[in-house]
Amino acid sequence: MPFLFRATVLAAALATLLPATAAVDLNARVPVGPQVKVGKLANGLTYYIQKNGKPEHRVELRLVVKAGSVLEDDDQQGLAHMVEHLAFNGSTHFKKQELVSYLQSIGVKFGADLNAYTGLDETVYMLPVPTDRKENVETAFTVLEDWAHGVTLAADDIDKERAIVLEEARLHKGAQERLRKALAPKLYNGSRYALREPIGKEDVIRTAQPEALRRFYRDWYRPDLMAVIVVGDIEPAEAERLVKAHFAGLTNPPQPRPRTYADIPARTGTEAFVFADEEMPRSAVELNYPVRLEPDLGTYGSYRAKVVDNLAAILLSLRLGELTQQANPPFLGAGGRTTPVSARHKAFSVSAVVGAGGVVPAVAAVEQEMHRVRQFGFSEAELARVRKVVLNGMESAVKQRDTTDSGRYVAEYQRNFLAGESIPGIEAEFHLVQELLPGITVADLNAAARKAFPEDAGKLVVFAGNTKTGPAPTTDQLLAADAAAAQATVTDRAEKKVAQRLMDRPATPGRIVTETRDETLGLTRLTLSNGVQVVLKPTAFRKDEVLLGAVRYGGQTLVDEKDLPNARAATGLAMSMGIKDFAPTDLMKMLAGRRAAVTLGMSDYTDEIGGQSASGAEDLETMFQMLWLRFDGVRRDESLYKAYMGALGDMVRNRAAAPEQRFAEAVADTLYGRHPYEGRMPTQEDLGKIDLDRSLAVYRQRFASAKGLTFVVVGDFDPATIKPLVTAYLGTLPTPDLPLAYRDVGLRIAPGVVKKEVHAGTEPKSVVSLTFSGPAAWSPAEALRMNALIEVMNLRVNAVLREKLGLIYSGQMAGAVQRIPYQHYEISTQLPTGPEKVDQLVAALFAEIDSVKANGPTQAELDKVKANWRVVHERSEHENGYWLQSVKVSLLDGTPLSHLLTVMDEVDALTVADVRTAAQRYFDKDNYVQVVLLPEADVKTASK
Numbered sequence: 017m018p019f020l021f022r023a024t025v026l027a028a029a030l031a032t033l034l035p036a037t038a039a040v041d042l043n044a045r046v047p048v049g050p051q052v053k054v055g056k057l058a059n060g061l062t063y064y065i066q067k068n069g070k071p072e073h074r075v076e077l078r079l080v081v082k083a084g085s086v087l088e089d090d091d092q093q094g095l096a097h098m099v100e101h102l103a104f105n106g107s108t109h110f111k112k113q114e115l116v117s118y119l120q121s122i123g124v125k126f127g128a129d130l131n132a133y134t135g136l137d138e139t140v141y142m143l144p145v146p147t148d149r150k151e152n153v154e155t156a157f158t159v160l161e162d163w164a165h166g167v168t169l170a171a172d173d174i175d176k177e178r179a180i181v182l183e184e185a186r187l188h189k190g191a192q193e194r195l196r197k198a199l200a201p202k203l204y205n206g207s208r209y210a211l212r213e214p215i216g217k218e219d220v221i222r223t224a225q226p227e228a229l230r231r232f233y234r235d236w237y238r239p240d241l242m243a244v245i246v247v248g249d250i251e252p253a254e255a256e257r258l259v260k261a262h263f264a265g266l267t268n269p270p271q272p273r274p275r276t277y278a279d280i281p282a283r284t285g286t287e288a289f290v291f292a293d294e295e296m297p298r299s300a301v302e303l304n305y306p307v308r309l310e311p312d313l314g315t316y317g318s319y320r321a322k323v324v325d326n327l328a329a330i331l332l333s334l335r336l337g338e339l340t341q342q343a344n345p346p347f348l349g350a351g352g353r354t355t356p357v358s359a360r361h362k363a364f365s366v367s368a369v370v371g372a373g374g375v376v377p378a379v380a381a382v383e384q385e386m387h388r389v390r391q392f393g394f395s396e397a398e399l400a401r402v403r404k405v406v407l408n409g410m411e412s413a414v415k416q417r418d419t420t421d422s423g424r425y426v427a428e429y430q431r432n433f434l435a436g437e438s439i440p441g442i443e444a445e446f447h448l449v450q451e452l453l454p455g456i457t458v459a460d461l462n463a464a465a466r467k468a469f470p471e472d473a474g475k476l477v478v479f480a481g482n483t484k485t486g487p488a489p490t491t492d493q494l495l496a497a498d499a500a501a502a503q504a505t506v507t508d509r510a511e512k513k514v515a516q517r518l519m520d521r522p523a524t525p526g527r528i529v530t531e532t533r534d535e536t537l538g539l540t541r542l543t544l545s546n547g548v549q550v551v552l553k554p555t556a557f558r559k560d561e562v563l564l565g566a567v568r569y570g571g572q573t574l575v576d577e578k579d580l581p582n583a584r585a586a587t588g589l590a591m592s593m594g595i596k597d598f599a600p601t602d603l604m605k606m607l608a609g610r611r612a613a614v615t616l617g618m619s620d621y622t623d624e625i626g627g628q629s630a631s632g633a634e635d636l637e638t639m640f641q642m643l644w645l646r647f648d649g650v651r652r653d654e655s656l657y658k659a660y661m662g663a664l665g666d667m668v669r670n671r672a673a674a675p676e677q678r679f680a681e682a683v684a685d686t687l688y689g690r691h692p693y694e695g696r697m698p699t700q701e702d703l704g705k706i707d708l709d710r711s712l713a714v715y716r717q718r719f720a721s722a723k724g725l726t727f728v729v730v731g732d733f734d735p736a737t738i739k740p741l742v743t744a745y746l747g748t749l750p751t752p753d754l755p756l757a758y759r760d761v762g763l764r765i766a767p768g769v770v771k772k773e774v775h776a777g778t779e780p781k782s783v784v785s786l787t788f789s790g791p792a793a794w795s796p797a798e799a800l801r802m803n804a805l806i807e808v809m810n811l812r813v814n815a816v817l818r819e820k821l822g823l824i825y826s827g828q829m830a831g832a833v834q835r836i837p838y839q840h841y842e843i844s845t846q847l848p849t850g851p852e853k854v855d856q857l858v859a860a861l862f863a864e865i866d867s868v869k870a871n872g873p874t875q876a877e878l879d880k881v882k883a884n885w886r887v888v889h890e891r892s893e894h895e896n897g898y899w900l901q902s903v904k905v906s907l908l909d910g911t912p913l914s915h916l917l918t919v920m921d922e923v924d925a926l927t928v929a930d931v932r933t934a935a936q937r938y939f940d941k942d943n944y945v946q947v948v949l950l951p952e953a954d955v956k957t958a959s960k
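Take the position in the sequence shown, starting the count at 1, then add 16; the result is the number in this note's numbering.
Source of the hints: derived by calculation from the structure; they are not laboratory data.
There's no promise every hint is true.
Derived lysine-lysine pairs resembling DSS-like cross-links, with alpha carbons at most 25 Å apart [as the list claims (entries may be wrong)]: (1) 53 <-> 202; (2) 260 <-> 82; (3) 404 <-> 512; (4) 596 <-> 512; (5) 150 <-> 197; (6) 217 <-> 739; (7) 217 <-> 189; (8) 202 <-> 467; (9) 67 <-> 260; (10) 53 <-> 82; (11) 941 <-> 771; (12) 559 <-> 404; (13) 111 <-> 176; (14) 176 <-> 189; (15) 596 <-> 658; (16) 176 <-> 217; (17) 260 <-> 404; (18) 67 <-> 53; (19) 362 <-> 197; (20) 941 <-> 723; (21) 705 <-> 484; (22) 596 <-> 723; (23) 723 <-> 739; (24) 53 <-> 260; (25) 941 <-> 111; (26) 484 <-> 197; (27) 512 <-> 658; (28) 362 <-> 82; (29) 56 <-> 82; (30) 484 <-> 189; (31) 513 <-> 596; (32) 705 <-> 658; (33) 176 <-> 112; (34) 82 <-> 197; (35) 67 <-> 415; (36) 869 <-> 771; (37) 111 <-> 56; (38) 941 <-> 772; (39) 362 <-> 467.
Kindly generate the complete structure, drawing on both the sequences and the hints.
What follows is the structure in structure tokens.
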């Protein structure tokens, strides 16, 4: 069952599962709701089936295996994951590459749709399939069946896959992986979990005999450890028939190996662990409390305990968050939570990002806040606020029960199979929360807190970071800091009263001057008396969701170069100040239980506004009020300014730590020649130029006027109900004159062939960055041809660079034809690989470019691109976000909105020759920038 805020499963009859008049028997098991059919075949395979219409014409399939890397024998370390890879490369019904090719032909994209993962305790295969043709669904079940017992694991396929798996392992190398490997034995306290990372050992991956993989597959891929999950636009009876037809014949081994679960020993004393690495992007401290063996019993009591645990963790995190609002905060951010360590274990941990003040104030603040909770507890006001948040989230989930994506239900059933999470259905769960919350007291939360982070428990105190701002502490120093903080005297916190309302509705609303209706697109266009325009599109795509957006030309490039640091900080600073007279923490308390948010920002060439809310009258009006107040003025808070600058300063100090960041900056500098307006992180010099008043003045230059804005509102609302809010708030926005054009500041990509090497990082990792650019005439048709070219190239990247040559694990091209600030195109890619493979990778990529330029794609490749676009378009047409973005872009570009109705006709008309012509036009081998990341020589890592 989800923790409080996760969307959950479809409707269940309340009277059946939990009568409103009945007291909750905490020892009783929570029954499975009627929204899902849960069954078990004679061979032990479990199945879950639910009919769900979101998205339409699509079904989500999962094969879940209760077997992961923790079950590997010593000669199999990494082979559970390798078996998962090989499931896509040869099985009873599909030869190598046939499976991926077939699924691409019906619109399923490898990676984005078709995927799998291996964990410590499980392996999960994911397959979303269109249901518009019955044979596609039938074949999809054949795929699942092959994964379950028909993977061939041929020796040749194993040998070819080794290189790809090793490239995946290479991708993860770096400071974070070094930390994880060093910390795991301490974190798991000597458990087997610390010895069986899913990626495994590289020497095993290189040299393992095929029989070792086959042994793992034979031992653990068996029906009594499997679940098949089917959720989507399919009749349950048909789904059950397919499950039985494809899986009833599976058999278990005559003498199955016992599926045991590793234990995690309890920590008996407090320890410290220090990890210093010059490539860590930031420094942090973490307090890890004892692991508890607490499997989910599936009872009402178990559910209640999870609710209480999460309420306590949320309130602690909110308190810690308030400390970041000081002028000199003890840390940059902090939070605590109880997390599952395994399917049966959980533990509480709290972490804090260390700022300029170092480790001691961070540890002191965290320990003292926990000590305050243990000694004085939470307040009734805190509990009242968090109750509102919980009930609001659950109520929204009930409203959205018929428009929730199938993938979210699938995830819940997966958790039920793997960890015993209850699945009663959202209406029953909402009713359960309504029953439980009034009986959850401050005393319950306080008891949960003391259990999660007991005062005298042995814990693991961790420091992990770089030494940019000073030396790392020793383990003795870390323990001393923690012990001193834990013994400090604390006082109870005072509960500050906050207002209950942001503002009163403007006394004199604006007027609707003109109103037009587009019946074909379902749009209503309004012009208000202040000149502001509004486009309304009510939908039933997702209940209890309303999105708002607006965009106009303007942006940061309107500002002179000397003022650029203030322009880039302007909206971030303004948003961090709160709204009107309310600091961010006051806003959070005032708006507890309401779902509404508004953000304003500036890109290089545009001013942008985004908002979202629930559909309730109070939520909707809150969103419009927040927007109105953002235009009414800016709250000025010197303490929040200092906190903001402190966090920004920490980011700047650590900017050179991560090799990936140094490489990204080198790529930008090479492309744009260190042009002052190129997108890059601020420097220490930039920080010195950021002035609070000047930054807020730049913000006001763009957001004191709504002139030139068309607000697009999409979602679950009644136009008659929303129009009074539109006239009251949008109709009274100020609209004085301001510049409504973008400025071309001459930012151009370097011409000719430019090549550069960047040496950064200690791991044997490289990245090849290639960027093609040049002038191009923009049009919707040309943009479509560019997109088709990019999709074709990505098919080649996967099929050739990954599967055929084993040069990469993942990588993609991206490209677009741009209108502003001048008409041009850009195509770019960043491909991770090994230093020894760089030349071969570049040669192979250019060979594929030459092939597409000379011959175009095959018709089969183009058909795969079109098939995926059809699937994506059909789904997007039923998403509020798609309509919001499409209408905004259409208005900005000046293209007719009717184009949205014909885009698939244009897709169907695309030809191989169109893509070939685009390749010849855009892959100019006399005009590209190549930047290659190569490693440094020395390793600078220490842990103890």
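Each hint tested on the structure:
1. Under the criterion of a C-alpha separation no larger than 25 Å, the hint pairing residue 53 with residue 202 is inconsistent with the structure, at around 42 Å.
2. With a C-alpha separation of about 20 Å, the suggested pairing of residue 260 with residue 82 holds against the 25 Å cut-off.
3. A hinted pair counts as satisfied when its Cα atoms are at most 25 Å apart, and residue 404 with residue 512 qualifies at roughly 18 Å.
4. Proximity of residue 596 to residue 512 is assessed by CA-CA distance (about 18 Å); at most 25 Å being required, the pair is judged to hold.
5. Among the hinted pairs, residue 150 with residue 197 is inconsistent with the structure: their alpha-carbon atoms are about 47 Å apart, more than 25 Å.
6. Taking the CA atoms of residue 217 and residue 739, the gap is near 62 Å; set against the 25 Å cutoff, the hint is violated.
7. Of the supplied pair hints, the one linking residue 217 and residue 189 holds, its CA atoms being roughly 13 Å apart against a limit of 25 Å.
8. For the given pair, residue 202 sits about 21 Å from residue 467 by alpha-carbon distance, which is consistent with the 25 Å threshold.
9. Annotation: proposed proximity of residue 67 to residue 260 holds, straight-line Cα distance about 17 Å (limit 25 Å).
10. Our distance criterion of 25 Å between C-alpha atoms is met by residue 53 and residue 82, whose separation comes to about 20 Å.
11. Of the pairs offered as hints, the one joining residue 941 and residue 771 holds, with about 12 Å between alpha carbons and a cut-off of 25 Å not exceeded.
12. This hinted pair checks out: residue 559 and residue 404 have alpha carbons roughly 20 Å apart, not beyond 25 Å.
13. A distance of roughly 14 Å separates the Cα atoms of residue 111 and residue 176; the hinted pair therefore holds under the 25 Å criterion.
14. Among the hinted pairs, residue 176 with residue 189 is consistent with the structure: their alpha-carbon atoms are about 21 Å apart, no more than 25 Å.
15. Distance check on the hinted pair: residue 596 and residue 658 sit about 19 Å apart at the alpha-carbon level, within 25 Å; holds.
16. Distance restraint check for residue 176 and residue 217: the Cα-Cα separation of roughly 17 Å lies within the 25 Å cut-off, and the hinted pair is therefore satisfied.
17. Between residue 260 and residue 404 the alpha-carbon distance is near 45 Å, which puts this suggested pair outside the 25 Å criterion.
18. For the hint pairing residue 67 with residue 53, the CA-to-CA distance comes to about 9 Å; that is within 25 Å, so the pair holds.
19. For the proposed pair residue 362 and residue 197, the alpha carbon gap of about 20 Å is at most 25 Å, so the pair holds.
20. For the hint pairing residue 941 with residue 723, the CA-to-CA distance comes to about 44 Å; that exceeds 25 Å, so the pair is violated.
21. Our distance criterion of 25 Å between C-alpha atoms is met by residue 705 and residue 484, whose separation comes to about 22 Å.
22. Between residue 596 and residue 723 the alpha-carbon distance is near 21 Å, which keeps this suggested pair within the 25 Å criterion.
23. About 19 Å separates the Cα atoms of residue 723 and residue 739, which keeps this hinted pair within 25 Å; it holds.
24. This hinted pair checks out: residue 53 and residue 260 have alpha carbons roughly 13 Å apart, not beyond 25 Å.
25. For the proposed pair residue 941 and residue 111, the alpha carbon gap of about 36 Å is over 25 Å, so the pair is violated.
26. Restraint check: the Cα-Cα separation between residue 484 and residue 197 comes to about 23 Å, which is no more than 25 Å; the hinted pair holds.
27. Restraint check: the Cα-Cα separation between residue 512 and residue 658 comes to about 23 Å, which is no more than 25 Å; the hinted pair holds.
28. Distance hint between residue 362 and residue 82 is fulfilled; the C-alpha atoms sit about 19 Å from each other, no more than 25 Å.
29. With a CA separation close to 15 Å, the supplied pair residue 56 and residue 82 stays within the 25 Å bound.
30. At roughly 21 Å between alpha-carbon atoms, residue 484 and residue 189 fall within 25 Å of each other, so this suggested pair holds.
31. Pair hint residue 513 plus residue 596 holds up; C-alpha atoms about 17 Å apart against a cutoff of 25 Å.
32. As the CA atoms of residue 705 and residue 658 are separated by approximately 14 Å, the hinted pair is consistent with the 25 Å bound.
33. For the suggested pair residue 176 and residue 112, the alpha carbons sit about 11 Å apart, so the restraint of at most 25 Å is met.
34. Taking the CA atoms of residue 82 and residue 197, the gap is about 24 Å. The hint holds against a cut of 25 Å.
35. Only pairs whose Cα atoms come within 25 Å are accepted, and residue 67 paired with residue 415 is accepted, the gap being roughly 17 Å.
36. A distance of roughly 22 Å separates the Cα atoms of residue 869 and residue 771; the hinted pair therefore holds under the 25 Å criterion.
37. Under the criterion of a C-alpha separation no larger than 25 Å, the hint pairing residue 111 with residue 56 is inconsistent with the structure, at around 31 Å.
38. With a C-alpha separation of about 16 Å, the suggested pairing of residue 941 with residue 772 holds against the 25 Å cut-off.
39. Proposed proximity of residue 362 and residue 467 is supported: the alpha carbons are some 12 Å apart, at most 25 Å.
When held up to the earlier numbered hints, the structure conflicts with 1, 5, 6, 17, 20, 25, 37 and fits the remainder.
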